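Chains as they are written, first to last, in this note's numbering: chain X, 1 to 144; chain U, 1 to 332; chain A, 1 to 128; chain D, 1 to 263; chain E, 1 to 664.
Heads up, a few of these hints could be off.
[Stated by the list, open to error] Calculated lysine to any residue pairs in the SDA-like style (CA-CA distance at most 20 Å, straight line):
1) X/Lys-101 <-> U/Ala-191
2) D/Lys-100 <-> A/Lys-3
3) D/Lys-50 <-> A/Glu-9
4) D/Lys-50 <-> A/Tyr-126
5) E/Lys-472 <-> D/Asn-210
6) E/Lys-350 <-> D/Lys-50
7) E/Lys-340 <-> E/Arg-393
8) D/Lys-214 <-> E/Gly-470
9) D/Lys-14 <-> A/Glu-113
10) E/Lys-460 <-> E/Tyr-424
11) E/Lys-350 <-> D/Lys-100
12) A/Lys-20 <-> D/Lys-14
13) U/Lys-72 <-> E/Arg-615
14) A/Lys-128 <-> A/Gly-51
15) D/Lys-14 <-> A/Gly-51
[Said to hold, decoys possible] A short, non-exhaustive set of chain X residues, derived as facing chain E with CB atoms under 8 Å:
16) Cys-44
17) Ala-119
18) Leu-131
19) Lys-135
If you are wondering where the hints come from, they were derived from the structure by calculation, not from laboratory data.
Note that the coordinates shown come from a computational prediction; the quantities given were computed from them, not determined experimentally.
Idealized CB from N, CA, C, for every residue including glycine.
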Amino acid sequence: MQVKEYKPLIVAFCCNWCSYAGADLAGNNRLNYPADVKIIRVPCSCRVNPMFILRAFQRGADGVIICGCHPGDCHYTSGNYYTRRRMAALFSMLDFLGIEKERTRVEWVSAAEGAKFAATMNEFAQTVASLGENKRLEDLRCKK
Amino acid sequence: MQKITRDQLVEKAVALLSDGTVSAVLGWSRGEFDYDITPAVFKSAEEVKENFVWNDFCGANFSKYLVAQTGKVEGKILVFLKPCDTYSFNQLLTEHRFDREKVYAVGIPCEGMADIAKVREIVGDGIVSIEDDGESLKVSTLYADAPVLVGAKDVMAERCVNCKSKKHVAFDELMGEDGEVIESARFDEVARLEAMTPDERFLFWQNELSRCIRCNACRDACPACTCEKCVFDNPDSAVENKAPANSFEEKMFHIIRAFHVAGRCTDCGECSRVCPQNIPLHLLNRKFIKDINEFYGEYQAGAEVGSRAPLVDYTTEDLEPGEVFERGDQDA
Amino acid sequence: MNKNFIQEEILRSSGVNPKKCMKCGKCSATCPAYDEMEYHPHQFVSMVENGDIEPLMNSKSLYRCLSCFACIDRCPRSVQPAKLVEAVRLAVVRQQGKNHLTANDIPELIDDETPQQLLVSAFRKYTK
Amino acid sequence: MKVSYFPGCTLKNKAKDLDEYARKSAEVLGITLEEIQDWQCCGGVFTTAKNEIATKLSSVRALKDAAAKEQPLVSVCSACHNVIKQTNHAMQTDSDFATKVNNYMAEESLYTGETQVYHYLEMLRDLVGFDALKEKVVNALSGKKIAAYYGCLLLRPNGVMQMDDPENPQIMENFIRAIGATPVLYAMRNECCGGYISMESPDLAANKSNAVVKNAVAAGADMIITACPLCKYNLIKNGAEIPVVYFTEVLAEALGVKEDTNE
Amino acid sequence: MQRVGVFVCWCGSNIAGTVDVAAVAEALKNEPGVVFSTDYQYMCSQAGQDIIKNAIAEHNLTGIVVCSCSPRMHEATFRKTAAAAGLNPYMVEIANIREQCSWVHKDMTTGTEKAIILGKAAVAKVNLNTPLTPGESPVTKRALVIGGGIAGIQTALDIADAGFPVDIVETKPTIGGKMAQLDKTFPTLDCAACILTPKMVDVAQNEKIRIFSYSEVEEVGGFVGNFDVKIKKKARYVKEDICTGCGACVDKCPMKKNPNEFNLGMDNRPAIYIPFAQAVPKVATIDPNACNMLKNGKCGLCARVCAAGAIDYTQKDEIIEEKYGAIVVATGFNPISMEKFDEFAYNQSKDVITSLEFERLTNAAGPTAGHLERPSDGKSPKTIVFVQCVGSRCDACSEKGKEYCSKICCMYTAKHAMLTRDKYPDTDVYVFYIDVRTPGKNFDEFYRRAVEEFGVKYIKGMVGKVTPEGDKLKVQASDLLSNKQLHIDADLVVLAAAIEPDKSARPLATMLTASMDTNDFFTEAHPKLRPVESPTAGVFLSGACQGPKDIPETVSQAGAAASKVIGLLAKDKLTGNPCVAHSNELMCNGCSSCERVCPYGAITYEDKEFRMPNRTTKIRRVASVNPAVCQGCGACTVACPSGAMDLKGFANSQIIAEVDAICK
């Protein structure tokens with residue numbers, strides 16, 4: 001029987017204006033990060049509904065990271081401030097339910113921070129990998 | 001054990017109906033059992049005199065019913081509000097959920113309501129009748145020869161033991177004396193859970209939430225859950241989910257439900273009161289309230305009409321989501 | 001005593017954050033005892049900030065602050081220099097034998113009209 | 001109405017008249033000053049250091065005594081008022097300090113700054129009302145040009161004292177108007193007289209006191225009133241060319257009870 | 001069901017080097033809805049685009065997925081391609097398999113696997129795409145400028161110059177603002193009136209510009225391109241179109257003793273007045289609080305002497321309603337009150353003045369006809385002390401002043417000091433400073449000249465107390481560099497008071513739903529890249545309403561705001577971003593959560609009647625989004641508990657489909 005190497009699955013929600021561009025810059029500069037990271041483009045980090053995050057965990061994601069413009073630099077002036085409050089509350093709640101707090105993260109990445117994007121993803125993927133598979137929030141039906 | 005009597009409430013309702021101030025009364029009526037009190041709309045003095053009930057099981061928070069009833073009744077509707085109900089009342093006004101002009105709100109004092117589960121713990125099953133006997137309840141069961149006397153204080157609902165306020169924040173008229181906001185110990189249980197390891201917390205919630213049968217009682221009783229259509233009932237929401245298929249689904253339901261009411265929940269405790277599985281759902285709401293208080297300053301939803309809920313507000317100096325845990329680590 | 005320890009102690013007991021100072025000198029501009037002082041209020045702020053506290057502790061300036069609180073009220077940055085002077089002074093008089101005034105000195109210093117308040121205040125400021 | 005009253009050491013000795021006039025006048029104004037039982041020295045100067053506890057305990061005791069009677073605490077001497085008010089503020093806002101104080105006192109009930117602290121002037125303004133005072137005046141001091149000397153302790157630090165605008169106060173001027181005299185405005189009214197420095201450095205004190213008096217005289221004052229025994233001492237000792245009296249004295253005079261007092 | 005075509009780009013070897021593009025195309029063939037899948041070397045090339053166009057026609061495609069470089073690169077290109085083939089451009093989704101795949105991963109297996117997943121996510125999303133049409137709204141080709149100072153004047157002139165009509169609303173009886181009160185301007189020292197008044201005349205004579213002086217904005221409705229504004233023209237009791245500004249009434253008015261606002265109360269004006277000689281419009285105004293005729297019906301002298309018959313005591317406030325395409329805020333600033341800074345004795349002595357008062361004292365048209373005289377006794381001051389940073393740079397908890405640097409004070413103080421020394425060389429001039437801040441062209445040179453050529457004594461330190469005594473002001477100050485306390489007997493003390501936004505700005509911001517910072521300065525849409533635009537579409541910022549500014553900066557910002565307005569008004573129709581929020585009114589609770597988080601004020605509420613069971617109806621409050629104002633951030637969608645609010649192009653269902661595809 002073949003032992004499959006454990007690879008964490010990470011969903012990254014990136015705002016269109018800063019973080020998605022930061023990810024592009026990481027690409028332009030050929031900065032490697034694990035292929036386990038899959039990016040979903042949203043207009044602003046404040047578009048990320050907690051439902052999306054839970055859904056990702058439900059379907060087997062091992063970590064979810066939300067990236068937005070730095071506070072004060074939001075393309076929509078205030079979107080990331082709402083993100084900050086919502087996610088602070090949500091992550092604290094997930095922790096309260098016993099979900100490992102290392103599986104969720106918010107990081108501010110500007111369009112100029114390709115290196116930060118890659119470093120963040122490397123570090124996050126490593127952290128999540130060290131936790132092992134997400135067992136506490138997954139929907140077993142969805143696991144093959 | 002209530003200071004205000006049924007007769008006083010009936011007299012008030014009848015008077016307001018007769019002089020035309022109101023054309024309907026939102027009140028409690030008997031359900032199948034003595035402890036199974038049901039909200040009802042009374043349209044006449046006769047109905048009130050006959051069916052109006054007031055006892056230690058009248059916990060139902062009527063604020064929510066105003067959303068539907070104010071649209072149905074011609075003229076004003078009389079609602080009796082216990083102190084904790086008035087917060088929900090204000091919160092719904094903040095959210096424009098009913099027309100204040102169509103309501104005549106009478107604030108009534110509350111000495112705390114009984115929890116039938118606690119009664120059962122003492123007397124066992126097969127409760128036939130419960131009579132209020134001043135400081136205690138006289139409970140007759142199928143299996144006991146004589147009625148059992150149960151101390152009203154001993155069976156008081158958790159939310160009343162940890163009552164956060166005896167003050168009415170909204171009313172047109174007040175019966176009895178107004179009280180004060182209370183420094184309660186309502187967050188102690190949350191703090192206890194916070195002090196556990198994540199594994200212990202996970203086990204705790206796994207045990208609690210796995211009992212959920214998705215009956216939606218919590219949602220239906222919650223005065224913050226007054227959505228015209230709940231996301232979980234909406235096929236377009238992509239999370240539509242009528243019944244739990246596995247352990248994750250109810251977790252998602254309860255997390256999202258708590259998140260949707262976060263900053264708006266007044267901590268009235270109806271969710272836990274109506275839960276047939278006795279899941280301490282209010283702890284999820286209190287966790288949000290406690291966090292919000294600690295992160296963004298004290299906020300009591302419904303204390304004032306028109307206040308801005310913390311999650312639709314921000315300051316540029318708010319703490320980062322990551323710092324939430326650094327704080328926790330320091331405390332631990 | 002360790003220099004950093006004293007600095008920390010002074011910052012802690014005074015509750016002052018000298019980093020807020022923008023070096024405008026309004027404290028010294030407002031100080032009624034300026035001319036009697038070797039180190040002036042703004043110097044207390046910057047010297048404490050720099051950990052240069054020894055000279056302050058040895059200076060008579062400590063006993064010239066009148067506790068008039070004018071520097072506290074007029075500082076545009078809410079630095080509260082008087083609280084620093086007070087903290088340094090306490091660091092000195094709390095040491096053994098460092099009282100600046102003793103009861104023996106009193107008879108020479110008073111007259112018939114001297115109010116009790118003067119004695120009490122002076123003792124409070126000059127002694128442990 | 002009844003209020004708790006903290007006279008302070010000087011009012012029992014060198015400034016007996018400040019005390020006597022205050023009591024007689026209060027009586028006329030319908031206020032009973034109930035002297036705190038066994039009060040002790042206020043401490044003279046408020047030590048701003050957060051870790052200075054013992055010297056503030058006597059103030060806390062007085063405050064607590066008033067709290068037990070649910071009365072506001074009134075004092076006349078600027079220094080006492082300043083120390084008591086600052087101590088009360090520390091009890092309200094510095095929980096660390098309050099805890100230490102309460103532990104030290106080891107009494108059954110805790111104190112966290114509930115008492116309302118009034119200076120006698122604030123009592124006149126807020127509890128009696130200057131208009132009501134005006135009505136009680138039998139002997140209006142019309143024609144008198146009086147300079148109010150605030151000094152430091154009534155006004156500062158303003159964040160705590162909250163008596164009036166620390167740079168442009170009006171309370172004493174309004175008081176002067178209420179007793180029928182004319183207030184004289186001058187800039188040095190909120191500057192220091194030299195305080196306790198007169199012990200060690202009489203020259204500096206003389207310097208400061210002279211500047212105050214000179215400025216008041218230049219502004220046309222023919223009398224200076226103060227609430228502080230030390231201010232009065234410094235101003236007079238350094239040769240004030242116009243009379244310096246306690247505000248309670250002119251109050252008693254206006255209310256027609258000055259003579260009774262001297263008996 | 002969509003008919004989706006998948007197009008995998010090699011990008012030469014950029015993608016194909018790390019991703020097996022053929023395998024990706026093959027794998028995506030089996031995804032739901034996919035009816036065509038291919039790969040090509042350069043999809044963005046003409047040939048590549050033709051492949052897409054042909055496939056659309058051949059396979060009746062309703063949706064397109066291009067697996068290629070970042071959408072930030074070529075999304076627009078492929079949307080145009082789709083549109084050219086008759087497909088709605090918003091039926092295109094891009095899977096970013098270059099920047100976020102081939103360029104960051106090294107081996108072919110990993111790259112290919114990930115590319116397939118990204119492709120699947122894009123297919124899952126496009127399956128739920130709906131054709132979107134950008135909303136169009138007409139543009140009213142008229143601009144409103146609120147505030148008639150130099151900022152408003154310059155903006156209005158520039159807009160009018162481009163051929164668009166402009167209205168200026170000014171609360172005072174004349175335009176001109178603060179600049180009209182100034183004497184000389186730094187660093188060139190040309191006289192303010194000489195450069196301002198010609199511009200004021202230009203405004204008056206420009207056919208495209210209407211001036212509503214003595215008027216206020218009362219109400220603002222509508223949105224970018226279509227603002228509905230109500231302007232209240234206050235009764236000035238003089239018929240503006242008839243008054244010739246001859247001034248006969250002003251001379252004859254018996255009520256002469258009213259503080260003259262223009263001279264900051266340092267002299268008096270009659271009840272009927274023209275603020276200054278070059279006022280625009282040069283029309284008299286009656287102060288209703290001072291006029292005997294208006295107060296108790298006795299007098300009427302001005303009406304009698306008015307040859308033109310312009311006086312009208314019965315005039316009433318008038319409301320003017322007008323439509324505008326763009327609104328420029330130019331409400332300017334005021335010096336803060338010196339009430340709380342009485343250690344400087346501003347309330348105690350007439351000879352302690354603010355810098356703006358000093359401007360009037362040295363202005364030839366001022367109360368002293370330009371002779372520097374002390375307000376108290378008219379003597380010429382021999383020693384003048386300037387105090388900088390009064391109320392600026394204060395700590396937030398000091399509750400006395402402002403936290404920010406007022407920016408203009410260092411330069412105008414240098415100007416005042418220099419001009420005083422120039423005109424009155426026997427005067428001692430001291431400037432107490434904390435820092436001298438002179439970034440600006442020729443600014444530091446100017447300050448150095450004040451010191452080196454004119455002998456102004458700059459002292460690093462602050463004034464602690466000013467004591468008026470006799471006819472002197474005793475100034476007690478610190479000289480930090482020589483470590484001394486100074487005592488100066490001055491004749492005049494001039495305070496460089498901090499400046500703050502005009503009080504009218506706050507209510508105006510509410511009307512405009514434009515955001516403000518904690519100091520009541522208007523917030524710009526982006527601090528660096530959109531400095532003259534408010535986040536609220538169609539609202540622009542000019543001058544000190546956005547932050548402290550000197551005249552050169554104000555004028556350049558005014559021009560910038562004008563060019564933005566011209567760019568907007570030049571369009572016949574505004575095409576919006578179609579990816580905007582919309583509310584499903586059947587589910588909306590009307591709770592206002594969405595409105596509270598909307599940075600653009602795009603959400604409004606209306607009471608709507610809904611059919612209920614049993615032929616009843618119910619009136620409910622529901623949200624509606626103005627697509628012309630919404631910028632599509634999506635903050636509202638998360639604030640909405642019922643899920644009634646969704647975002648076109650990034651719908652809940654679309655994002656969840658992507659999540660599902662990725663996590664499968």
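Here is how each hint holds up against the structure:
no. : hint                    : result
1   : X/Lys-101 <-> U/Ala-191 : holds (17 Å)
2   : D/Lys-100 <-> A/Lys-3   : violated (27 Å)
3   : D/Lys-50 <-> A/Glu-9    : holds (11 Å)
4   : D/Lys-50 <-> A/Tyr-126  : holds (18 Å)
5   : E/Lys-472 <-> D/Asn-210 : holds (17 Å)
6   : E/Lys-350 <-> D/Lys-50  : violated (43 Å)
7   : E/Lys-340 <-> E/Arg-393 : holds (15 Å)
8   : D/Lys-214 <-> E/Gly-470 : holds (10 Å)
9   : D/Lys-14 <-> A/Glu-113  : holds (7 Å)
10  : E/Lys-460 <-> E/Tyr-424 : violated (24 Å)
11  : E/Lys-350 <-> D/Lys-100 : violated (51 Å)
12  : A/Lys-20 <-> D/Lys-14   : violated (43 Å)
13  : U/Lys-72 <-> E/Arg-615  : holds (13 Å)
14  : A/Lys-128 <-> A/Gly-51  : violated (24 Å)
15  : D/Lys-14 <-> A/Gly-51   : violated (44 Å)
16  : Cys-44                  : holds (4 Å)
17  : Ala-119                 : violated (12 Å)
18  : Leu-131                 : violated (17 Å)
19  : Lys-135                 : violated (15 Å)
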